[in-house]
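The lines below spell out each chain.
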Amino acid sequence: MLSRRFASSTRGFATKVTAKEFSGKVSTLTVKVNAGSSVASKDGLAHLLSRFNFHNTTPRSALRLTRESELLGGQFESKVDRESITLSAKFLAESLPYYVNALGDVLKSTSFRPHELPESVLPAAKVDAASANACPVFKADELLHALTFRSGLGAPLYYDGVQKISLEDIKEYAAKVYTQSNIEIIATGVNQADLTKFISDSVFAQLPAGESLAAKAAPKTFEGAETRFRSAGQSVAGVAVPVKAADYATYQVLTSYLNSALSTLNVEAKFSQYSQVGLFTIIAKSSDATAVAADIKAAVAQLKAGLDLSAAKALAATELALAEETTGVKAVDVAAVKDFKLGKFNYVAVGDVNNLPFADEL
Amino acid sequence: MLSARSIKQSTVSLNLKRTFATAYGKTQYTSLSNGITIATESNPDAKSATLGLWVGAGSTSENPYNNGVSGLLNQVIVNSNQAEFNKAGLKFGSNVAKEYTSFFTQGLKGSLPQAIELLNSKVAQAELNAEYVLKQREITAKQLEAFEETNHAGRVFEHLHATAFQNTPLALPTRGTVETVSDLIAQDLEKFHKKNYVAGNTVVVATGDVKHEDVVALVEKKLQIAAGSVPEISAGKFLGSEVRLRDDTLPAAYIAIAHEGEAINSPNYYVAQVAAEIFGSYNGVEPISKNLGTKLSGTVSEFHLADTYNHFSASYKTAGLWGYAAETSNVGNIDDLVHFTLKEWNRLTISISPAEVARGKQLLKNKLLFSLNSPLAVAEDIGSKVVTVGRRASVEEAIAAIEKVDVAAVKKWAGAKLWDQDIAVAGTGQIEGLLDYMRLRNETSMMRW
Amino acid sequence: MATHTSIVKAGDFILRTPLLRSIFVPTSHFFIKQAGYREIGLKLDDLIFDETPVVQKALSRLPAKESYARNFRTLTAAQCAITHHLLPKEQWVKAEEDTPYLLPYLLEVEAEVAEREALDNITV
Numbered sequence: 001m002l003s004r005r006f007a008s009s010t011r012g013f014a015t016k017v018t019a020k021e022f023s024g025k026v027s028t029l030t031v032k033v034n035a036g037s038s039v040a041s042k043d044g045l046a047h048l049l050s051r052f053n054f055h056n057t058t059p060r061s062a063l064r065l066t067r068e069s070e071l072l073g074g075q076f077e078s079k080v081d082r083e084s085i086t087l088s089a090k091f092l093a094e095s096l097p098y099y100v101n102a103l104g105d106v107l108k109s110t111s112f113r114p115h116e117l118p119e120s121v122l123p124a125a126k127v128d129a130a131s132a133n134a135c136p137v138f139k140a141d142e143l144l145h146a147l148t149f150r151s152g153l154g155a156p157l158y159y160d161g162v163q164k165i166s167l168e169d170i171k172e173y174a175a176k177v178y179t180q181s182n183i184e185i186i187a188t189g190v191n192q193a194d195l196t197k198f199i200s201d202s203v204f205a206q207l208p209a210g211e212s213l214a215a216k217a218a219p220k221t222f223e224g225a226e227t228r229f230r231s232a233g234q235s236v237a238g239v240a241v242p243v244k245a246a247d248y249a250t251y252q253v254l255t256s257y258l259n260s261a262l263s264t265l266n267v268e269a270k271f272s273q274y275s276q277v278g279l280f281t282i283i284a285k286s287s288d289a290t291a292v293a294a295d296i297k298a299a300v301a302q303l304k305a306g307l308d309l310s311a312a313k314a315l316a317a318t319e320l321a322l323a324e325e326t327t328g329v330k331a332v333d334v335a336a337v338k339d340f341k342l343g344k345f346n347y348v349a350v351g352d353v354n355n356l357p358f359a360d361e362l
Numbered sequence: 001m002l003s004a005r006s007i008k009q010s011t012v013s014l015n016l017k018r019t020f021a022t023a024y025g026k027t028q029y030t031s032l033s034n035g036i037t038i039a040t041e042s043n044p045d046a047k048s049a050t051l052g053l054w055v056g057a058g059s060t061s062e063n064p065y066n067n068g069v070s071g072l073l074n075q076v077i078v079n080s081n082q083a084e085f086n087k088a089g090l091k092f093g094s095n096v097a098k099e100y101t102s103f104f105t106q107g108l109k110g111s112l113p114q115a116i117e118l119l120n121s122k123v124a125q126a127e128l129n130a131e132y133v134l135k136q137r138e139i140t141a142k143q144l145e146a147f148e149e150t151n152h153a154g155r156v157f158e159h160l161h162a163t164a165f166q167n168t169p170l171a172l173p174t175r176g177t178v179e180t181v182s183d184l185i186a187q188d189l190e191k192f193h194k195k196n197y198v199a200g201n202t203v204v205v206a207t208g209d210v211k212h213e214d215v216v217a218l219v220e221k222k223l224q225i226a227a228g229s230v231p232e233i234s235a236g237k238f239l240g241s242e243v244r245l246r247d248d249t250l251p252a253a254y255i256a257i258a259h260e261g262e263a264i265n266s267p268n269y270y271v272a273q274v275a276a277e278i279f280g281s282y283n284g285v286e287p288i289s290k291n292l293g294t295k296l297s298g299t300v301s302e303f304h305l306a307d308t309y310n311h312f313s314a315s316y317k318t319a320g321l322w323g324y325a326a327e328t329s330n331v332g333n334i335d336d337l338v339h340f341t342l343k344e345w346n347r348l349t350i351s352i353s354p355a356e357v358a359r360g361k362q363l364l365k366n367k368l369l370f371s372l373n374s375p376l377a378v379a380e381d382i383g384s385k386v387v388t389v390g391r392r393a394s395v396e397e398a399i400a401a402i403e404k405v406d407v408a409a410v411k412k413w414a415g416a417k418l419w420d421q422d423i424a425v426a427g428t429g430q431i432e433g434l435l436d437y438m439r440l441r442n443e444t445s446m447m448r449w
Numbered sequence: 001m002a003t004h005t006s007i008v009k010a011g012d013f014i015l016r017t018p019l020l021r022s023i024f025v026p027t028s029h030f031f032i033k034q035a036g037y038r039e040i041g042l043k044l045d046d047l048i049f050d051e052t053p054v055v056q057k058a059l060s061r062l063p064a065k066e067s068y069a070r071n072f073r074t075l076t077a078a079q080c081a082i083t084h085h086l087l088p089k090e091q092w093v094k095a096e097e098d099t100p101y102l103l104p105y106l107l108e109v110e111a112e113v114a115e116r117e118a119l120d121n122i123t124v
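Residue numbers (full-length UniProt numbering), protein chains in the order written: chain A, 1 to 362; chain B, 1 to 449; chain C, 1 to 124.
To be clear, the hints were calculated from the coordinates, so they are not data collected in a lab. All figures in this text were calculated on a predicted structure; none of them were measured in a lab. One or more hints might be untrue.
Mimicking DSSO-like on lysine-lysine, the simulated pairs with C-alpha atoms at most 27 Å apart in a straight line are [said to hold, decoys possible]: (1) B/Lys-87 - A/Lys-171; (2) A/Lys-313 - B/Lys-87; (3) B/Lys-109 - B/Lys-385; (4) A/Lys-126 - C/Lys-57; (5) B/Lys-367 - A/Lys-79.
Take a look, some chain B residues computed to stay more than 12 Å from chain A by CB distance [stated by the list, open to error]: (6) Asn-81; (7) Ala-88; (8) Asn-129; (9) Gly-154; (10) Ser-182; (11) Lys-237; (12) Ala-314; (13) Asp-335; (14) His-339; (15) Glu-344; (16) Arg-347; (17) Asn-373; (18) Gly-415; (19) Gln-421.
If you want the footprint, here are the derived chain B segments under chain A, 3+ residues with CB under 8 Å [as the list claims (entries may be wrong)]: (20) 64-75; (21) 105-118; (22) 137-149; (23) 256-266.
Here a beta-carbon is modelled for each residue, glycine too, at the ideal position from N, C-alpha and C.
Make a model of the complete structure from these sequences and hints.
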């Protein structure tokens, strides 16, 4: 079955809706909102709004939603990343109308009761931030984003309490991002016609029209920066390179190559593909900082000298196809990729920094 | 007591008896004359193809002296050949479990011919380099050490099996121990491979964008596995017992308690799973944990009795375990945690309500269907079941069997398997508050007139 | 049957019925004067028996300013009790100040408790 796109101007309903059918007994309904940490005006605001999702709404309380959802055999969650807040529900196929309403109510009618913030949202948010920041690899990733993008994509992903956020801020942000033009509804295992009917009859159609907050142009990026962060535990050294959209394919193949057995380097590569720009990172980690230093130096030396990537193209195509199956992100075409040479980069050292190199020593 | 407004009055009608749409895909089976079984499930939506060998040789095929050989063999085969698979555009992975081991490749649609050739030469006809085995042995031993020292919940789960099935093959830790793995040599791996990697013990599974006839043709042509039948493995026998590894230096208490459960082919396999899903899992840091629909989660969240717990119904070929594993930093109240949990288990026999059973069934369906979320997951489900018990219930069969479970079935099963039956207990961390075996054993029933 | 929700329901009924309103409203004003809590600086909601989980939860949701004011009134009343003196007439709580500040929070908490009980005993 081919995925079909839907856009209709009936009743000014401007939300993009994609339904992908397949024969199965279960369905998923996902609402992707352009409201991630790069969109919010305050640090951590997107995280708190994401944590506030699925709390009390005017028509049904959080308790009622949970209990009814369980009896229908469904689960829901809200996730935040740098570009979007993603509300998703996965359920047995007959429950589609219930979940269309439930998700619509979250966007339109969340009560934002004052007591929910200190009782429920903030403790959960604190745990998210604490457990993520306890991982030095995450810390390195955050710092590399901050060095490369400064604001927007460089803003911290989770709420750290540095900027004060009040309930009013969260309510304002919700009103700004939960609008018809700023959300995309993706469904699997549902009938296209049924879905569009349910949506246009539901609370989704009553959302304000609003405007899309998706990034329209590539943000300014910075190179040649470095930072060091002392912490106990594992040591991590990371190198990051901002990537223009035209170069996505090269960096996807490079990531596959470095993470495969074809490369003898002891580093992990990650390619974060955002809508207008990408960030390619290499991480060396170990509990022994001198081993990390050796690994990152070897990696940077080999990449500066230049690499032929043709051996990894087939593997990259496979990995991108697998990723498309799970996330739905369209795989880039890697046929034209040839080789890679490392230019300017940003660098971060986390952990036992006394034994980790400086950027000019790489 | 006020009787509540039935959920039928809410916005959507809860009609649980409607028939489901057609299955995700039909699994096709072929048995070759040499004993190899081939199973395929096509999904034209998939962009990839997964092809793998499932061999009925996990830790239950080992003995206390070569415990870990199955896992080490996996590591050796995968790590020494990964680069060659990658060059061909394939991801190569493996998995070792108690009753089977698997080697699988993931690639694009047209990758099957190369995949089967490589699987044949590297897995079925594996040639082991003695020095490489020693090198890999060091790495594996280090990984096991890290597992023992940091993964406390995993360690407790292994000890639970070790005590519950003591003196039978199911007791052996899945990936071995540091001591046993450190003594293995290439000859041990070769012997194990020769004995267990035989045609009658192998299932070839292909999922994703694949066609059954193509796969059968490829296997007939390219896969050469020594003839032979499934080696004899003695059955797992449950013994009520406990093992405690008290360690007050750990930040929490990690405990696991289980009754004897159901084997995969047991008629009560799904009843046990529904019963486990009735109590489900709990994670105290999530706001939703205060709102879950179980009495146990309400008690636990009100008094912070546990950080996390999850109920399981683990099923193997000849035996199973039904119980839960919990982690708690409220170590002064472990006795309360265990007391309330076991009293809730008592309720399965005497007072479980239709709403709770309905909830458990629905959540189990959701869990089952959403676990099959990639070609690899589907392949793992097919391969593991077919190589262990010879058949895999299709999705429709499973859903129908879950639908059939009702309050009477749960009460009957629980009355026979849980009420006043022996338990196996394992724990580590600050378990001073975990009361003695007889106290726990007595909680498995209530004094009633 | 003595939840604040039921009391409010009964009170609304009385206020809607002219006959009952004409009996109960003057009687309640007389009762309040005789009780005299306003003369030691208290509001009606300060008198609610608060050693119950419902009221404790409602109190935890009070905005900070209301909470500080409540505590100040409690201390003032305690001092009056010790000294066996009433407050000077200017400091008595006026009728228009004696608002049910805690009532909305109590009703919300009681509704949550009732909903939880109903959902715990759901029939499918």
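These are the hints, each one checked on the structure:
{"no.": "1", "hint": "B/Lys-87 - A/Lys-171", "in the structure": "violated (52 Å)"}
{"no.": "2", "hint": "A/Lys-313 - B/Lys-87", "in the structure": "holds (9 Å)"}
{"no.": "3", "hint": "B/Lys-109 - B/Lys-385", "in the structure": "holds (25 Å)"}
{"no.": "4", "hint": "A/Lys-126 - C/Lys-57", "in the structure": "holds (22 Å)"}
{"no.": "5", "hint": "B/Lys-367 - A/Lys-79", "in the structure": "holds (20 Å)"}
{"no.": "6", "hint": "Asn-81", "in the structure": "violated (8 Å)"}
{"no.": "7", "hint": "Ala-88", "in the structure": "violated (7 Å)"}
{"no.": "8", "hint": "Asn-129", "in the structure": "holds (16 Å)"}
{"no.": "9", "hint": "Gly-154", "in the structure": "holds (18 Å)"}
{"no.": "10", "hint": "Ser-182", "in the structure": "holds (21 Å)"}
{"no.": "11", "hint": "Lys-237", "in the structure": "holds (36 Å)"}
{"no.": "12", "hint": "Ala-314", "in the structure": "holds (22 Å)"}
{"no.": "13", "hint": "Asp-335", "in the structure": "holds (26 Å)"}
{"no.": "14", "hint": "His-339", "in the structure": "holds (25 Å)"}
{"no.": "15", "hint": "Glu-344", "in the structure": "holds (16 Å)"}
{"no.": "16", "hint": "Arg-347", "in the structure": "holds (18 Å)"}
{"no.": "17", "hint": "Asn-373", "in the structure": "violated (7 Å)"}
{"no.": "18", "hint": "Gly-415", "in the structure": "holds (25 Å)"}
{"no.": "19", "hint": "Gln-421", "in the structure": "holds (28 Å)"}
{"no.": "20", "hint": "64-75", "in the structure": "violated (count 0)"}
{"no.": "21", "hint": "105-118", "in the structure": "holds (count 4)"}
{"no.": "22", "hint": "137-149", "in the structure": "violated (count 0)"}
{"no.": "23", "hint": "256-266", "in the structure": "violated (count 0)"}
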